[in-house]
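*Asks:* Use the sequences and the hints to build the structure in full.
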Amino acid sequence: MTCTPTIAVRDLRLAYGQKEAIRGISFEILRNEIFGIIGPAQSGKTSLLHCLNRTIDFTPEARVSGSIRVDGEDVRQTRNIFALRRKIGMVAPLPVGLPLSIYDNVAFAPRCAGMRRRSELEAIVEQCLRQAALWDEVKDRLDSLGTKLSGGQQQRLTIARALSHQPEILCLDEFSIAIDPVTTMRIEDVLKELRRSMTIILVTNLTQQARRLADRTLFLWKGRIVELDHTDIIFSGKPANRQTYEYVNGIFG
Amino acid sequence: MMFAITPHVRRKQRHETIAKWVFFGMAASMIVPLVLIIGYLVERAWPSLSLGFLIDVPARGMKEGGVWPALVGTIYLVVLSLAVSAPVGVLAAVYLNEYARDNWFNRIINLAVINLAGVPSIVHALFGLGAFVYAARFGYSIISASLTLAIMTLPVIIASTREALASVPRTFREACWNVGATRWQTIKAVVLPNSISGILTGIILQVSRAAGETAPIMFTGAVFFKAVQKGDFFPYRLHEQCMALSMHLYTLSTQVPGVKESVPFATAVLLLGAVILVNATAIILRGYLRARKKW
Ligand SMILES: Nc1ncnc2c1ncn2[C@@H]1O[C@H](COP(=O)(O)OP(=O)(O)OP(=O)(O)O)[C@@H](O)[C@H]1O
Ligand SMILES: [Mg+2]
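Residue numbers (my numbering), protein chains in the order written: chain D, 1 to 253; chain F, 1 to 295.
The set of hints was computed from the structure by calculation and includes no laboratory data.
Every value quoted in this text rests on a predicted model; they were computed, and no experiment measured them.
Among the clues, some could well be false.
[Claimed, not checked] Quick list of simulated restraints, FRET-style, between CB atoms:
#1 F:22 / D:144: 42 to 48 angstroms
#2 F:37 / D:180: 55 to 61 angstroms
#3 F:16 / D:62: 44 to 50 angstroms
[As the list claims (entries may be wrong)] Computed footprint of chain F on chain D; a stretch qualifies when at least three of its residues, placed anywhere within it, have a C-beta under 8 angstroms from a C-beta of chain F:
#4 46–58
#5 92–99
#6 107–114
[As the list claims (entries may be wrong)] So the derived list for chain D, only partly shown, Cβ under 10 angstroms to chain F, looks like this:
#7 81
#8 84
#9 85
#10 86
#11 87
#12 88
#13 89
#14 104
#15 164
#16 165
Where a beta carbon is used, it is the ideal one built from N, C-alpha and C, also for glycine.
*Replies:* Next comes the structure, spelled out in structure tokens:
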């Protein structure tokens, strides 16, 4: 693991109308690390990811201040937000199979980016479906609808789609709430594999998942950072902050 | 016993049965007026109903003969008006639903659409007269009448299209945006293909509305009578006036003395038949497109 930051957040604030969701947070995410984000419901985890890939733009009442730099470039100033979003793979909590064929679900992003060659597209589709541990189940019916897959399969399809534009950063927002433990483990193995080539941000409500996977873990609460440290320390029983201890041990009041 | 039927349960079941039949009766009673209207019209029109009525031109000062020129005229007006209002309406609805932010300008557009949809057709007629016949100098013509019908159908097409677009869940759009798709790429790949059945149904229903209204065309381009060759499919030029079924029915019933009694009824049957045909097409089309729905 090299120690260059790939994402640098400075004094980020976000409010939906009058309601503050993120209240001034600063941190850095290093290249090729798995960065865990934990925190109770409503702490602003999902909102943070929306700021990162600028999909917050689609929420008109949202007001953002501060800066997020991805490889030195401020995402709030970037000219080409489509390139930004392709650089960041995003997996939403609930599985979304687009109402297209399985093949088109995965080929959609490359096509949007201008890729037309059949051979290239086929290679990407197969590679991404393999990475998402879905290939063996769907390889014989790539032209059936993505929406007709089971929930867990759709979640893996969502992951395959997030990988299809070959992102450098992969954000997973509670990816395992719709899938069974066995598949979850398979995907966790995939993530360990992927981290060699990309940075992974893992938002999770399962603190044990962060413990298993993350190099460093950030504990977010009510839009503020309570603690950010190496995962070992967060889960050591002696984190710097008492709230962290209580949260990860499930005695949060 | 856990599943025993207590008096309370029995009473509930009885209420349930009564409610179901009352509601069913109300719904079923909708059929009665339709059947009565059609039955009455067909019975009165019977002596005149024939293929000849469809393809003949009016004879002896419109007292006899068929409705060919009016039928063709109505087709002209409907096709032309929807050729204008359907594309404009669909594109406007896409803008309003997919692009427009919530600012004062877009709120004004919304307000305009809603209010235009409620304007009575006679007001559209007067507007068309002023705007197209006089101001734009199209004169009393098929163009003026079609444009007036287009203005009349436009807001309804916008409203129905917006409804169809809004029925596509937002999560699909977000999934597309997340992978770097532009709004237009998203609309093209996911939104339009999955709302097309609703959009087309909305447009088709406006066909019967455009065919049935009298006022908007009476003031702008429809005439009582126009000499036309029997079986001529292209009897009209766009800058001329034309006959139309709705207008023809009005004329026959009020302006022509001594007309054979069954002729106006036959015209009404034709108009109603056309409307039912169009609506049935809409239902079948929607069923067909729904069957291919993807989630
Ligand atoms: N579109 C929105 N409009 C208004 N308020 C919002 C919106 N999205 C989120 N919020 C608010 O922002 C706060 C943070 O929400 P966020 O979804 O980021 O929490 P979260 O940490 O992801 O929670 P969870 O674990 O339940 O997913 C919440 O109080 C929420 O109500
Ligand atoms: Mg969330």
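*Asks:* A separate judgement is required for each hint: does it hold in the structure or not?
*Replies:* Each hint tested on the structure:
no., hint, in the structure
1, F:22 / D:144: 42 to 48 angstroms, "45 angstroms, holds"
2, F:37 / D:180: 55 to 61 angstroms, "59 angstroms, holds"
3, F:16 / D:62: 44 to 50 angstroms, "48 angstroms, holds"
4, 46–58, "holds (count 3)"
5, 92–99, "holds (count 6)"
6, 107–114, "holds (count 4)"
7, 81, "8 angstroms, holds"
8, 84, "8 angstroms, holds"
9, 85, "4 angstroms, holds"
10, 86, "4 angstroms, holds"
11, 87, "9 angstroms, holds"
12, 88, "9 angstroms, holds"
13, 89, "8 angstroms, holds"
14, 104, "8 angstroms, holds"
15, 164, "7 angstroms, holds"
16, 165, "6 angstroms, holds"
Hint violations for this structure: none, all hints satisfied.
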